[in-house]
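Asker: Taking the hints as your guide, dock the two standalone chains into a single complex.
Spelled out, the chains give:
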Amino acid sequence: MTASVIRKQVRLPVSVAFGVVMQGIRIRLGRSIVTLMGVMLGIAFLMSILTGQTVRQGVGRETAARIELGRMMSFLTAEIGPVSERTLGVVAVGPLNDPERRLVARLRELGAAGLQWSGAVPAEYPAGWIKPVAAGEVGVGTAAVLVMGEGRVPGLDWGTVMTNAAEKVVATTRKALAVPAAGGMAVTSLEREWQPDEVEARELGARRLAFRTIWIIVISLLVTVIGIANAMLMSVTERFREIGTMKCLGALSAFIRQVFFIEASLLGVTGSVVGCLVGYGFAVLAYSLTYGFDLVGAALSMPQMAMHMLLCTVAGVVLSVVAAIYPAGVASRMMPADALRSTV
Amino acid sequence: MRVNKAQFEAMFPPGTEGGRRTIIRAVDVKKVYRMGAIETQALRGVTVDIYEGEYLSIMGPSGSGKSTLFNMIGGLAKPTAGKVYIDQVDIAQLDHNELAWLRCRKIGYVFQTYNLIRVMTCLENVMLPMSFAGLDSEEAREKAMYILKLVGLAHRPLHKPGELSGGQQQRCALARALANSPDIVLADEPTANLDQHTGEEMIELFATLRDELGVTIISATHDLKMLKRSDRILWIEDGQIVRAAHPKDVDFSSGDFH
Chain U
47 MTASVIRKQV RLPVSVAFGV VMQGIRIRLG RSIVTLMGVM LGIAFLMSIL
97 TGQTVRQGVG RETAARIELG RMMSFLTAEI GPVSERTLGV VAVGPLNDPE
147 RRLVARLREL GAAGLQWSGA VPAEYPAGWI KPVAAGEVGV GTAAVLVMGE
197 GRVPGLDWGT VMTNAAEKVV ATTRKALAVP AAGGMAVTSL EREWQPDEVE
247 ARELGARRLA FRTIWIIVIS LLVTVIGIAN AMLMSVTERF REIGTMKCLG
297 ALSAFIRQVF FIEASLLGVT GSVVGCLVGY GFAVLAYSLT YGFDLVGAAL
347 SMPQMAMHML LCTVAGVVLS VVAAIYPAGV ASRMMPADAL RSTV
Chain X
111 MRVNKAQFEA MFPPGTEGGR RTIIRAVDVK KVYRMGAIET QALRGVTVDI
161 YEGEYLSIMG PSGSGKSTLF NMIGGLAKPT AGKVYIDQVD IAQLDHNELA
211 WLRCRKIGYV FQTYNLIRVM TCLENVMLPM SFAGLDSEEA REKAMYILKL
261 VGLAHRPLHK PGELSGGQQQ RCALARALAN SPDIVLADEP TANLDQHTGE
311 EMIELFATLR DELGVTIISA THDLKMLKRS DRILWIEDGQ IVRAAHPKDV
361 DFSSGDFH
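Protein chains in written order, with this note's numbering: chain U, 47 to 390; chain X, 111 to 368.
One chain only, chain X, in its complex shape (with noise of 0.2 Å):
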């Protein structure tokens, strides 16, 4: 799908907020749920701006919409009212094909659960978007090892995931995300399932990348030093985005950040 240039550019003008260029635009999205005759709004009009090599935090109790949020903004699922434009294109005008083509080489996923494909070895794993992306197996074992190498796990390439610690399995995870040099890195509650220190380790990892890569990191978490770490700090309930700060001015001393 090809983007009309003229419209775009009364969209996003250039050089808004500081020069910087905005990666995902979501303009007053609203998403329903339908079981039967029960409708659920879980969104009721979201609008935000991320920034190109931003690290957002999005926070929000469950139910909240977070995930549906999130799922908007990694192009899993479509708004029912409002628009979601990833790297300026509209989501909704795109086919599942293409659907596929974007989740492929725009955006990476880094799950709670990590979500290795257990019967492939972490090599496979990290080679597996990249077979999808129709890079050649010599090429794409190249490439793996190198970004495996990006997030310290180059010493353990063959071993399957049952094999690896929580920590390995979220760095292979992570390396697999950033196969075909993702824009955008969507992470779900990456250190949720990681001890104290090997979640530091992944936080420092994801703002490395951030800074090396300049990959947009968005992160639905509740972990409190990956809060401190970001950029921006999105609070949603009920369906809307109801206040977004920097850490800075976050006191996460008191109850008020939940």
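Isolated chain U (complex conformation) (with noise of 0.2 Å):
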């Protein structure tokens, strides 16, 4: 007689319990979509809310940018009257912002006749418009004078300039731009001049905003994860008896384990996706109805949504993961034993 010799269960690839998995979630398609939309809605209430940030913060960008570019233009017209039919110089020391861009724009939107352009010109505006010409010959013939861009203020005989323009005016878009004051004539600035207390506000009310965002999406998420914990948890107790089956055929907890964890990132990928798409049409959709079309499109950016997006669906699978740790551990401490008993 010889004496047997007990070796160790094989481990087996991951391919089988995908199979199994896949069996599984396409038999138990109404408990999978409970789980699916779980996953769904907590990820698409998370999409929303970062659409949601970004279209609130361009649309705020967008107002405060009009706003300052309707103050820009009062202060403008208060020195020099109405600019229609007007011709302007202009000193463009480097890149113009957003705001000179602006400026530029409406100037042109109100029938200036034209303006003298020294320094690079910008592509957008037809040629006969912009009459380039050089540093000292700005101010002859126009009505005033604007400093913008980014860069260092030339040294131009400053004076001579603000007498050239017709109005005796030389304003600047940027506090920076130091233009020297020249015969006792002030230069104007057109940029505005934030208080203190307005910078303080701003930034606490920017902090309370966030504070409270981070507060709804934590819990948001918490809610989320037990949704899909309790409906995998459901679906262990459905599958009492097949499980312990399993495991008197020789399955290994570790198997039993990887069944579920393969489950829920499926699922959770599938839901993560399916939520963004949900949660980014019906925060654009909702915030369009609100605010119109067009402010909202020019709030958004496509870089920024694939973010987004990319960080939802690794939340999303990684919250599926951590609501299955605890429904797996109960599948795989499951006693084959359990198979036997006819009533579960």
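No lab work stands behind these hints, which were simulated from the structure alone.
The model shown is predicted, which means the values in this text are computed figures rather than measured ones.
One should not assume that every hint holds.
As the list claims (entries may be wrong) - Label-pair ranges, simulated between beta-carbon atoms:
(1) X:Gly276 x U:Ile260: 51 to 59 Å
(2) X:Gly324 x U:Asp384: 27 to 35 Å
(3) X:Ala264 x U:Phe328: 52 to 60 Å
Unchecked claim - Calculated lysine-lysine pairs in the BS3-like style (CA-CA distance at most 30 Å, straight line):
(4) U:Lys54 x X:Lys253
(5) X:Lys259 x X:Lys270
(6) U:Lys54 x X:Lys358
As the list claims (entries may be wrong) - Facing chain X, from chain U, some residues (calculated, C-beta under 8 Å):
(7) Arg53
(8) Gln55
(9) Gly70
(10) Ile73
(11) Leu75
(12) Gly76
(13) Asn143
(14) Cys294
Quick reminder that beta carbons are idealized off the backbone N, C-alpha and C, glycines included.
Answerer: Written as structure tokens, this is what we have:
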């Protein structure tokens, strides 16, 4: 008589567990959809909050820029009167920023006859409207001279520039552009000066909003995790005998755990992708109805949306897997003898 | 785990019981369940030898410890005290991984409620233990088809359990139990959910498999026909074996066999 040898049970390739999962999802489609909906809703909520934040920030920036432009224009017209049919001089010391580009566009809209342009000419305006001139000749035949752009103010004879302009005005769009006052005439600045308490109030508001958003996100994700864990726990109970049977047939606890984790990640990926699209669509639609389509369209950016989608999908998968830890543990600790119980 | 051969041969002297090999030996097995402060003695010292190729039936009312003994013999639970040797290996010495190996290859299980995985076809159910044993799927498919033919289910391999009759499901379950050519088939009330005729067919199938493949068949049953067909009947009451007899020595017409 020879003594027998007991070996260790082999670990199966993941593909076997994957097959079991796919069949399980197909058959228990109802239960899988409930779990999927849990992930989907949580991620849709997260995505809509992130998108909403982007839209609100964008709309806020746009609104502020429009107000700022209106203010700059009213400063300018207070100095020189209406700009229509008049020529203005521009000294561009470097690349223009957004408010400056908006200002130039607005001058054209208001029917300014043209701009004498010293410096790099932006490509977006018709050549006839902008007349490039040498730096020293700016001012002759203009109502006023604007100094704008990112850079250092050139050492011109600013007194002559100022007197050449019909309204004797030189205005800068930025505080940083230091044009020396000449002949007792002051240089006008169009940029708004923010008071310290205004800055403080703005920052406090932003911090409060960020805190509230994070709080809402954390709570909603917790609810999602608990929802998924609950749905998966139900499915463990449902499969009590099946799991016990598999263990009787030689399945390892690790295999059972694997089945649940694969199922969770599959549902997580699918639910997240669908949730991202639903949340994005919902947020864009809701904000468009509030602020109007063009404003929301201007606020959205593709790279940021892609970043948010990636973030949400990763979050969805991580949450699903985290939610599966407890149910998978319960399932894998199940005794094979449970399969013999005739009532479950 | 390797068994100490010298120690083993001292315990299982060859040639005992008319040269039949002992495949399962339970020695003074006790099992205590603890539910909080309450202790329940499910088994109070059971000693039994089960021989290779035997057709053994275990009887007992519910709560007698029958299921506990059954689980112990099947490697599904470990005893609180005493020893259970399955094919000469003390199951208490095995870790969960080795137990899984044992359940996968040495023992086939047939359940009262069939317990087929309902999301899988008949063929996939039979192939499942083979994939747990590491067989590649081509080999497994071929072997599963052969076994299905053996149990008379070769004509419906791609049906789901829900599309099969009770008898067919139990045949499929038996085919699955035989998947890895086990030495032992453990059947828990295998005919309880079947009608008279189908039950008889099942019993014949068990007998045929025992005769042709030499597998040991252990069943918990109250089915008269099954009891009459078996080589030995054990009665369990209150956690102890109270009687063991060959069916020809039992008067089935009187009430005493209960």
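Asker: Which of the stated hints cannot be reconciled with the structure, identified by number in ascending sequence?
Answerer: 6, 11, 12 and 13
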